[in-house]
Amino acid sequence: MSATGIGAAVRRKEDFRFITGKGQYTDDVVRPGETRAVFVRSPHAHAKIKSIDVAAAKALPGVVAVLTGADLATDKIGNLICGWMIHSKDGTPMKMAPHPALAAGKVNCVGDAVAVVIAETIAQGRDAAEKVAVDYEVLPSVSDPAKAKSGPQIHEIAPKNTIYEWHLGDPKATAAAFAAAKHVTKLDIINNRLVPNAIEPRAALAEYDTGTDNLTLWNTSQNPHVARLVISAFIGMAPEHKLRVIAPDVGGGFGSKIFIYPEEVVCLWASRKVQRPVKWTADRSESFLTDAHGRDHVTHAELALDANGKILALRAKTIANLGAYMSTFSSSVPTYLYGTLLSGQYDIPSIYCEVDAVYTNTAPVDAYRGAGRPEATFVVERLVEVAARQMGIEPAELRRRNFIKTFPHQTPVIMSYDAGDYHASLKKALELADVKGFGKRKREAARHGKLRGLGYSTYIEACGIAPSQAVGSLGCGVGLWESAEVRVNPTGSVEVLTGTHAHGQGHETTFAQLVSERLGIPFENVSIVHGDTDKVQFGMGTYGSRSGAVGMSAIVKALDKIEAKAKKVAAHMLEAAEGDIEFKDGKFTVAGTDKSAAWGDVSLNAYVAHKFAGQELEPGLKETSFYDPTNFTFPAGCHICEVEVDIDTGKTEIVNWTAIDDFGTIINPMIVEGQVHGGIAQGVGQALMEGAVYDKNGQLVTGSMMDYTMPRAHDLPSFHVGLTETKSPSNPLGIKGCGEAGAIAAPAAVINAITDAIGTEDIAMPATANAVWSALQRANPRQAA
Amino acid sequence: MPAVSMTVNGKAVTGDVEARTLLVQFLREHLRLTGTHVGCDTSQCGACVVHVDGIAAKSCTLLALQCEGAKITTIEGLAEPGGALHPMQEAFREHHGLQCGYCTPGMIMAALDIVRRRGNDLDEHTIREQLDGNICRCTGYHNIVKAIAAGAKNMAKGGAPRRAAE
Numbered sequence: 001m002s003a004t005g006i007g008a009a010v011r012r013k014e015d016f017r018f019i020t021g022k023g024q025y026t027d028d029v030v031r032p033g034e035t036r037a038v039f040v041r042s043p044h045a046h047a048k049i050k051s052i053d054v055a056a057a058k059a060l061p062g063v064v065a066v067l068t069g070a071d072l073a074t075d076k077i078g079n080l081i082c083g084w085m086i087h088s089k090d091g092t093p094m095k096m097a098p099h100p101a102l103a104a105g106k107v108n109c110v111g112d113a114v115a116v117v118i119a120e121t122i123a124q125g126r127d128a129a130e131k132v133a134v135d136y137e138v139l140p141s142v143s144d145p146a147k148a149k150s151g152p153q154i155h156e157i158a159p160k161n162t163i164y165e166w167h168l169g170d171p172k173a174t175a176a177a178f179a180a181a182k183h184v185t186k187l188d189i190i191n192n193r194l195v196p197n198a199i200e201p202r203a204a205l206a207e208y209d210t211g212t213d214n215l216t217l218w219n220t221s222q223n224p225h226v227a228r229l230v231i232s233a234f235i236g237m238a239p240e241h242k243l244r245v246i247a248p249d250v251g252g253g254f255g256s257k258i259f260i261y262p263e264e265v266v267c268l269w270a271s272r273k274v275q276r277p278v279k280w281t282a283d284r285s286e287s288f289l290t291d292a293h294g295r296d297h298v299t300h301a302e303l304a305l306d307a308n309g310k311i312l313a314l315r316a317k318t319i320a321n322l323g324a325y326m327s328t329f330s331s332s333v334p335t336y337l338y339g340t341l342l343s344g345q346y347d348i349p350s351i352y353c354e355v356d357a358v359y360t361n362t363a364p365v366d367a368y369r370g371a372g373r374p375e376a377t378f379v380v381e382r383l384v385e386v387a388a389r390q391m392g393i394e395p396a397e398l399r400r401r402n403f404i405k406t407f408p409h410q411t412p413v414i415m416s417y418d419a420g421d422y423h424a425s426l427k428k429a430l431e432l433a434d435v436k437g438f439g440k441r442k443r444e445a446a447r448h449g450k451l452r453g454l455g456y457s458t459y460i461e462a463c464g465i466a467p468s469q470a471v472g473s474l475g476c477g478v479g480l481w482e483s484a485e486v487r488v489n490p491t492g493s494v495e496v497l498t499g500t501h502a503h504g505q506g507h508e509t510t511f512a513q514l515v516s517e518r519l520g521i522p523f524e525n526v527s528i529v530h531g532d533t534d535k536v537q538f539g540m541g542t543y544g545s546r547s548g549a550v551g552m553s554a555i556v557k558a559l560d561k562i563e564a565k566a567k568k569v570a571a572h573m574l575e576a577a578e579g580d581i582e583f584k585d586g587k588f589t590v591a592g593t594d595k596s597a598a599w600g601d602v603s604l605n606a607y608v609a610h611k612f613a614g615q616e617l618e619p620g621l622k623e624t625s626f627y628d629p630t631n632f633t634f635p636a637g638c639h640i641c642e643v644e645v646d647i648d649t650g651k652t653e654i655v656n657w658t659a660i661d662d663f664g665t666i667i668n669p670m671i672v673e674g675q676v677h678g679g680i681a682q683g684v685g686q687a688l689m690e691g692a693v694y695d696k697n698g699q700l701v702t703g704s705m706m707d708y709t710m711p712r713a714h715d716l717p718s719f720h721v722g723l724t725e726t727k728s729p730s731n732p733l734g735i736k737g738c739g740e741a742g743a744i745a746a747p748a749a750v751i752n753a754i755t756d757a758i759g760t761e762d763i764a765m766p767a768t769a770n771a772v773w774s775a776l777q778r779a780n781p782r783q784a785a
Numbered sequence: 001m002p003a004v005s006m007t008v009n010g011k012a013v014t015g016d017v018e019a020r021t022l023l024v025q026f027l028r029e030h031l032r033l034t035g036t037h038v039g040c041d042t043s044q045c046g047a048c049v050v051h052v053d054g055i056a057a058k059s060c061t062l063l064a065l066q067c068e069g070a071k072i073t074t075i076e077g078l079a080e081p082g083g084a085l086h087p088m089q090e091a092f093r094e095h096h097g098l099q100c101g102y103c104t105p106g107m108i109m110a111a112l113d114i115v116r117r118r119g120n121d122l123d124e125h126t127i128r129e130q131l132d133g134n135i136c137r138c139t140g141y142h143n144i145v146k147a148i149a150a151g152a153k154n155m156a157k158g159g160a161p162r163r164a165a166e
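Residue numbers (my numbering), protein chains in the order written: chain A, 1 to 785; chain B, 1 to 166.
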């Protein structure tokens with residue numbers, strides 16, 4: 001392994017601009033003549049718009065325009081869409097309600113945009129927005145997914161607010177297994193609603209060029225090409241070739257910046273109307289109201305086991321809240337990203353899963369780090385842990401009795417796991433966590449009035465999203481391949497244009513490590529380009545832990561082509577047969593001789609082209625690959641959380657966190673560990689303190705960081721992170737991906753630990769001090785004095 | 001509109017601002033110093049931390065006019081004029097204390113204030129407690145804590161500033 005090759009903890013190239021304040025995030029971009037957009041938003045969860053009076057707003061100084069949904073409709077701008085078709089059990093398609101970028105006659109959640117003010121400055125825009133007079137007729141609303149079906153109907157297309165009633169698995173076989181089971185564990189689980197809160201708020205800067213009729217959009221997007229395609233083809237803003245989308249530095253995404261939102265659509269449209277650039281940046285309060293939220297499942301789950309603790313079947317019935325409108329990928333998250341992981345690491349013969357997706361008068365819900373897999377893992381790992389306790393079997397032992405041992409393994413829920421070793425991760429985690437010594441630590445803690453608990457989460461997930469044919473057959477409207485164009489310059493430096501995007505993952509470094517090692521050229525001589533539809537022809541972006549498994553595989557395929565062509569060039573230069581050329585460490589050699597050519601000479605010759613005989617070889621050294629994966633990848637591992645609960649306050653301290661993950665091939669261990677740390681932190685946040693709460697009037701009570709608790713440094717421990725490795729057989733590098741695993745594993749580990757500590761299962765996330773203390777009181781009612 | 005004058009990163013600046021203009025807006029929009037970021041609107045996240053007369057302050061919670069005559073240091077003012085990085089900046093890169101980079105300027109400025117108040121020998125517990133006003137969504141804080149401890153130590157050594165871009 002070289003100092004900058006695959007497996008090296010190379011320090012990041014991208015850091016210099018970030019640590020010196022020279023990053024270029026969307027709000028940092030300034031265009032000449034720029035105006036600012038301020039949205040007028042509904043204060044009601046559900047209401048008819050009777051009228052909008054913009055006259056007073058328009059008259060204020062600095063106001064360039066005030067536009068409404070009626071104007072949008074007049075200009076025939078199309079609606080936002082959900083791009084993944086899901087069918088109900090009875091075969092009917094999902095009920096996708098219209099979602100205009102500015103409300104058309106009706107608002108369906110607090111924060112729904114009704115009008116936009118375009119002004120010279122933000123201050124003038126805000127003053128004017130306050131003067132826009134909207135006359136609402138307030139309607140009754142529903143925000144609780146469990147009550148959606150009996151609540152007031154939100155969209156004409158969806159009676160009982162039901163989007164779809166989906167299922168997966170074998171109901172008959174599952175029912176039979178339950179009937180024969182010796183032990184059944186039942187749990188009612190709420191997977192609490194979360195607000196992603198990337199620290200950079202969403203932003204869009206649109207510029208219409210009056211000379212060329214071209215539109216440019218700077219946007220905080222994880223996938224600029226997808227944004228361009230949707231905005232062009234579905235929303236009809238402009239032909240694709242006249243719309244450029246640039247996602248510059250983006251300050252975190254976690255899924256929330258995948259989707260196409262109303263704001264960028266409105267900015268583009270407004271820019272063309274006022275013929276000046278239009279910039280919008282969300283306030284954090286606006287982010288809370290309008291960024292797609294995550295999770296929000298209500299589930300009843302059951303596990304059937306025989307007398308020896310062998311799992312016979314699992315079934316789950318889930319209500320998934322998708323909010324007021326179907327966001328871009330929303331339909332897929334509680335279906336094909338959730339139900340398909342209900343086998344966990346276990347050999348379960350029968351599984352049946354039913355998911356009803358509902359509309360409520362809340363913000364749209366869509367993928368958020370883990371997207372469906374944290375929900376699945378929580379169901380499976382809580383069932384297994386509780387079953388172990390109920391049956392008196394040690395939790396690690398119950399897992400061992402059920403682990404899948406041979407691969408490939410076809411689960412009853414579509415996924416076929418290709419490679420793994422779950423015993424190995426469990427064993428390593430038990431050692432690293434010093435589980436043997438837990439009993440002693442527990443007794444010691446008890447002497448100080450603290451309850452110690454240990455919780456396991458042996459998770460698996462499906463990522464490296466995704467094989468196009470597979471997802472297409474499941475309803476996805478796009479293929480999920482990835483592209484790479486490798487450009488070798490005449491002087492031998494290399495630029496890789498990738499269709500992935502980096503918003504913290506360090507691709508400028510890790511992708512360069514791959515190329516540098518493969519071509520035997522210095523790490524400094526490799527540049528990675530992403531995020532601009534004018535530079536990268538097409539790509540599907542970054543989410544679903546796909547950039548390594550899919551993005552890097554595309555680069556490998558392109559490098560294969562580069563090597564093949566370069567050998568042809570070298571053969572001409574060295575006057576040898578192409579088959580006799582060997583390439584190693586940046587040098588081309590004629591086999592069995594000392595005749596060689598250096599990389600830089602070959603690259604120059606490719607462009608000078610003097611030595612090419614005849615017409616068979618084209619000049620240039622540039623190759624493209626579009627890589628479509630053959631399967632999902634299946635990272636898996638074991639997290640063990642040890643907590644200490646204060647009996648008097650209910651406060652939970654995480655005293656130790658152990659994570660053993662199998663991500664296949666690792667490009668940069670420092671970056672992989674960072675991804676695990678960040679994922680665990682978000683999972684702990686969900687388990688201990690985060691929760692988006694709407695009151696019965698559909699008001700977002702947790703509407704700022706004052707009321708929505710974000711994890712801070714003192715809420716978290718340092719993490720003990722280790723790896724096992726079974727390479728993925730499904731891509732050339734053997735990479736599985738690591739971006740979401742921490743968020744997938746963590747919540748179950750935390751809740752398993754707390755329930756172990758306090759001796760009751762009667763607690764829901766977030767397990768705040770109040771929640772834990774209350775659970776303790778319920779479980780141990782005090783005698784009256 | 002009232003005028004305001006202050007020194008930012010050693011340079012005297014003036015501007016015409018509204019009374020309600022925040023310091024962070026003055027820095028970002030009037031002076032085009034976009035290294036200081038806005039991440040929230042309730043003074044929680046710390047992405048906007050700068051130094052005002054040598055003390056860390058949240059620039060989203062100060063009016064520009066409040067800083068009349070003050071000496072402001074932003075993230076852009078840390079590196080040497082020749083480009084050599086401050087040891088705390090270098091420590092963040094060395095220890096992978098950043099991912100998306102958005103919270104990073106505020107983290108670094110806050111870290112320097114921790115050193116000012118608590119010295120160069122910072123333990124994990126102290127750093128974690130003192131970062132209450134800085135939120136990161138990417139890193140889980142593990143490497144930020146390591147970076148700050150190392151940066152603080154290196155500052156004491158009068159750490160030789162490293163080359164700017166590697």
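These are calculated hints, taken from the structure and not from any lab test. Keep in mind it's a predicted model, so treat the numbers as computed, not measured. Please note that a few of the clues may not be correct.
In silico DSS-like links for lysine-lysine, alpha-carbon gap of 27 Å or less [stated by the list, open to error]:
1. A/Lys-160 <-> A/Lys-106
2. B/Lys-71 <-> A/Lys-428
3. A/Lys-182 <-> B/Lys-146
4. A/Lys-22 <-> B/Lys-71
Here is what the structure says about each hint:
Restraint check for A/Lys-160 and A/Lys-106: satisfied, since their Cα atoms lie roughly 18 Å apart, inside the 27 Å limit. Our distance criterion of 27 Å between C-alpha atoms is broken by B/Lys-71 and A/Lys-428, whose separation comes to about 54 Å. Distance hint between A/Lys-182 and B/Lys-146 is unfulfilled; the C-alpha atoms sit about 51 Å from each other, more than 27 Å. Pair hint A/Lys-22 plus B/Lys-71 holds up; C-alpha atoms about 21 Å apart against a cutoff of 27 Å.
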